[in-house]
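Novice: Here the protein sequences line up with chains A and B, keeping their order. So for the first sequence, the working numbering puts the first residue at 1; every next one is plus one. So for the second sequence, the working numbering puts the first residue at 1; every next one is plus one.
Be aware that a few hints might be false.
Partner residues are not named here, just some residues of chain B that face chain A (Cβ under 8 Å, in silico) [stated by the list, open to error]:
no. : residue
1   : Leu25
2   : Met28
3   : Glu41
4   : Leu44
5   : Cys45
6   : Asn52
7   : Gln56
8   : Ile57
It should be emphasised that the hints constitute simulated quantities derived from the structure, not laboratory data. This one's a predicted model, so the numbers in the text were calculated from it and none came from an experiment. Don't be surprised by glycine CBs; every beta carbon is placed ideally from N, CA and C.
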Amino acid sequence: MNYPDEITYGNKADIISTVEFNHTGELLATGDKGGRVVIFQREQESKNQVHRRGEYNVYSTFQSHEPEFDYLKSLEIEEKINKIRWLPQQNAAYFLLSTNDKTVKLWKVSERDKRPEGYNLKDEEGRLRDPATITTLRVPVLRPMDLMVEATPRRVFANAHTYHINSISVNSDYETYMSADDLRINLWNFEITNQSFNIVDIKPANMEELTEVITAAEFHPHHCNTFVYSSSKGTIRLCDMRASALCDRHTKFFEEPEDPSNRSFFSEIISSISDVKFSHSGRCIMTRDYLTVKVWDLNMENRPVETYQVHDYLRSKLCSLYENDCIFDKFECVWNGSDSVIMTGSYNNFFRMFDRNTKRDVTLEASRENSKPRAILKPRKVCVGGKRRKDEISVDSLDFSKKILHTAWHPSENIIAVAATNNLYIFQDKVN
Amino acid sequence: MLPRGLKRKCSEDEAPAGPLQRQSLLDMSLAKLQLCHMLAEPNLCRSVLIANTVRQIQEEMTQDGSWSLPGPQTAGRSPRDRLVSTEVLCCSAWAGPAPAPDPADLASALQAVPATQVPGAMPGGPWDRAVPGESQGGFPRSLDQVFGTLESQGPGTVEELLSDVGGSYCDLDAVLMGVVGGAKSGPEGLETFASVAAPPRGTGCKADLGELDHVVEILVET
Chain A
1 MNYPDEITYG NKADIISTVE FNHTGELLAT GDKGGRVVIF QREQESKNQV HRRGEYNVYS
61 TFQSHEPEFD YLKSLEIEEK INKIRWLPQQ NAAYFLLSTN DKTVKLWKVS ERDKRPEGYN
121 LKDEEGRLRD PATITTLRVP VLRPMDLMVE ATPRRVFANA HTYHINSISV NSDYETYMSA
181 DDLRINLWNF EITNQSFNIV DIKPANMEEL TEVITAAEFH PHHCNTFVYS SSKGTIRLCD
241 MRASALCDRH TKFFEEPEDP SNRSFFSEII SSISDVKFSH SGRCIMTRDY LTVKVWDLNM
301 ENRPVETYQV HDYLRSKLCS LYENDCIFDK FECVWNGSDS VIMTGSYNNF FRMFDRNTKR
361 DVTLEASREN SKPRAILKPR KVCVGGKRRK DEISVDSLDF SKKILHTAWH PSENIIAVAA
421 TNNLYIFQDK VN
Chain B
1 MLPRGLKRKC SEDEAPAGPL QRQSLLDMSL AKLQLCHMLA EPNLCRSVLI ANTVRQIQEE
61 MTQDGSWSLP GPQTAGRSPR DRLVSTEVLC CSAWAGPAPA PDPADLASAL QAVPATQVPG
121 AMPGGPWDRA VPGESQGGFP RSLDQVFGTL ESQGPGTVEE LLSDVGGSYC DLDAVLMGVV
181 GGAKSGPEGL ETFASVAAPP RGTGCKADLG ELDHVVEILV ET
C-alpha cells in the first residue's frame, strides 16, 4: 500500500484511552482518561483545494463520565473512557455509546444551526416582556445561527457490573448491545436502562477457584444471535444466543495448542488475549495477544489460519517486561475496510501493519519529532542483535513508556487514527 | 514513568529457569500480588494471571521436591507465628460469619500476608472482594504487626471491628444461608460473604487446635 503522507494531531490534556471511527468514517471519536469524549469531523472536500484531502477537525467535546464514589465499597470509580462504539446513523443526529469501568451511556450528538426568533412574551435576550407593552402579535420564525453541536446523554445504563467493563458491542439488530466485564456479559436493550440480561457468567462459586477472566467480547457483524468472547488463557468462545438464555456453553471453542518448545512461566500471560475483532465479512476473527496477532477462520477451531509476529524480539525480555508490568499491556488490533490489512500497536510509538495477501509488513512510528505534515512516513526497523544499521533502533533503546494501544481504521478508505499516549495522529494515503 | 530500555535485574535467558531464578520470580510475583491487594480495587485480570504464575511455579517446585514447609531457615520469626499464620490461611472458621467490611478486611489482610510461608494454599483474598480503606497506614508486614496493633489498641478495637456482627453467629449463619438459598441474583456483597463462609481448602495444614483457640480468643474477645 502507499505510505501515508498526511498528519494531523491534537493535544489532549489526558491520555487517550479509546479511538473509533463511525460507520461512514465521517466522524472519529476519542475518549480519554479524564472522562472526556472528543469527536472529529472530516472536512468536506472543497473544489478549490482539490489536492487537499478532507482533514479532521474538532466537531464536539463533552464530558461523558465523571469520577464517582462507590459508598458501599469505599472505592472511587475511574472516569476513564474504556470504549466508545457508534450506532449506525438513522437520522440527522449521531449516537454513540461510551463506557467507563461501571456505567455505559448513550449520547446523542446533534447540530443546531437555526434558532427561533420573534417571541411575543420574551425579548431577544430572553427577558420577559411586560404584557401591557405588547400591541401586536407575531409568529416566531427560525433564523440561521452559528452552527452549534450539542451532546446530550439519552440513556444511562448503570449498576449492572460488579467488575470492570472491558468491552461494549452494538448488535446488528441495532436494538440491543452487550457490555462485558471480567466475569460477566450483559445484554441490553437501548430503550431499557433498569434491566439487562446476563448472557455469560464465568464467576466460580468459590472465588478462590478463579483462574480465567473475560478480556474482550464482540457481536458478529451480521448475525445478531452470535457473539465471541476471549479469555486470559488465550481462548475464544463463540456463542449462539438462540441456544439458551445463559450462554455458558459455547457453540465453538478456539484454542491453539501450546508450542512446547516455547514454554516458560510467562506462557500463559503472553497468551492472554487483549482484543478480539470480527472481520467486516464476518468470516474471520482476529485476536491480539502480547507478542502476536492471529487470524482465525470461524470454521476452524483448533488453530489460527494466520499468525503475525508483532515484536518477537521481546520474547527474550519477558522477565523484565513482567517486572515492569509491561507484559500486562493490552494492545488492540483493527481490520482495514476490505479485511486485507491488519494493524496493531507496539512500543516506542511504533505501530505495525500486515498485508494478508502479499504477506508484507511494515513498522511505522507516530511521533512529532519524526514527522512533519504531509511528510511520508518512513518505515522503521528494530535491530535484534549483531550489527545495528543506521536508522535502526536496538531493542534495549526502545521506550516502553510510549505504547500504542489504540488505533482505528476508516471503514472504507486508507485513513488511520493512532493514539500515542495523549496525542492523536491521523494518517492518510498519499494522493495519486 | 518507565525508563528507557529494560532493567537487567531479571535473567534474560528464556531457557528453563534454574531454581534461583524460579525463586526470584516467585518472590517478585508474590510481591506483585501483595501490591495488588493493597489497591482499593485491583485489576482482576492482572491478579489472576500473576496468581496463576505463582501456582505454576509452586507446582513445579513441589514436583522438583525443592518445596518444603518452612523450616528453621526463616530466622527472626517464632515458630508460633508461622503456625498461627498457617491456621489463619487454612481455617477461616472465625472469618466466616463476618458480614461487615472491616472484619472481612482483616480476614483478607491476614490471608494475604503469610502467603510466602504457606505451601499450596493460595490467598483467596486479592479478588474476592474490594478491600476498602486499606490505604490508611501501611500494609501490615507480618502477623506480628497485625496482632500487635490490635493488642496495643486494646480489646475495644476488636469489638468495634466486629460490632456490626451483632447477635450471635448462629443468626448470621441463618441470614447467609437464607440469602444464598434464595434468589440467585442477590446483591453482590452477600454472594461474596457466602463464598467467604466456605473455608479455603488448604493443603498440608497441620492443625494445632490449641493455637487456633488462642487466636480466636484474641480476636473475638469473648
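Novice: Hint by hint, note whether the structure agrees.
Specialist: How the hints compare with the structure:
1. Hint status for Leu25 (chain B): holds, given a least beta-carbon distance of 6 Å to chain A, under 8 Å.
2. Against a cut-off of 8 Å between C-beta atoms, the interface hint on Met28 (chain B) holds, since the closest Cβ of chain A lies about 6 Å away.
3. Taken as an interface hint, Glu41 (chain B) checks out: its beta carbon lies about 5 Å from the nearest beta carbon of chain A, inside 8 Å.
4. A cut of 8 Å between beta carbons decides the hint on Leu44 (chain B): the least distance to chain A is about 4 Å, and the hint holds.
5. Of the supplied interface hints, the one on Cys45 (chain B) holds, with its beta-carbon coming within about 5 Å of a beta-carbon of chain A, less than 8 Å.
6. At its closest, the beta carbon of Asn52 (chain B) sits 6 Å from a beta carbon of chain A; the interface hint therefore holds under the 8 Å criterion.
7. With a least beta-carbon distance of about 6 Å to chain A, the hint placing Gln56 (chain B) at the interface is held under the 8 Å criterion.
8. Against a cut-off of 8 Å between C-beta atoms, the interface hint on Ile57 (chain B) holds, since the closest Cβ of chain A lies about 6 Å away.
This entry satisfies every hint, going by the numbered hints stated previously.
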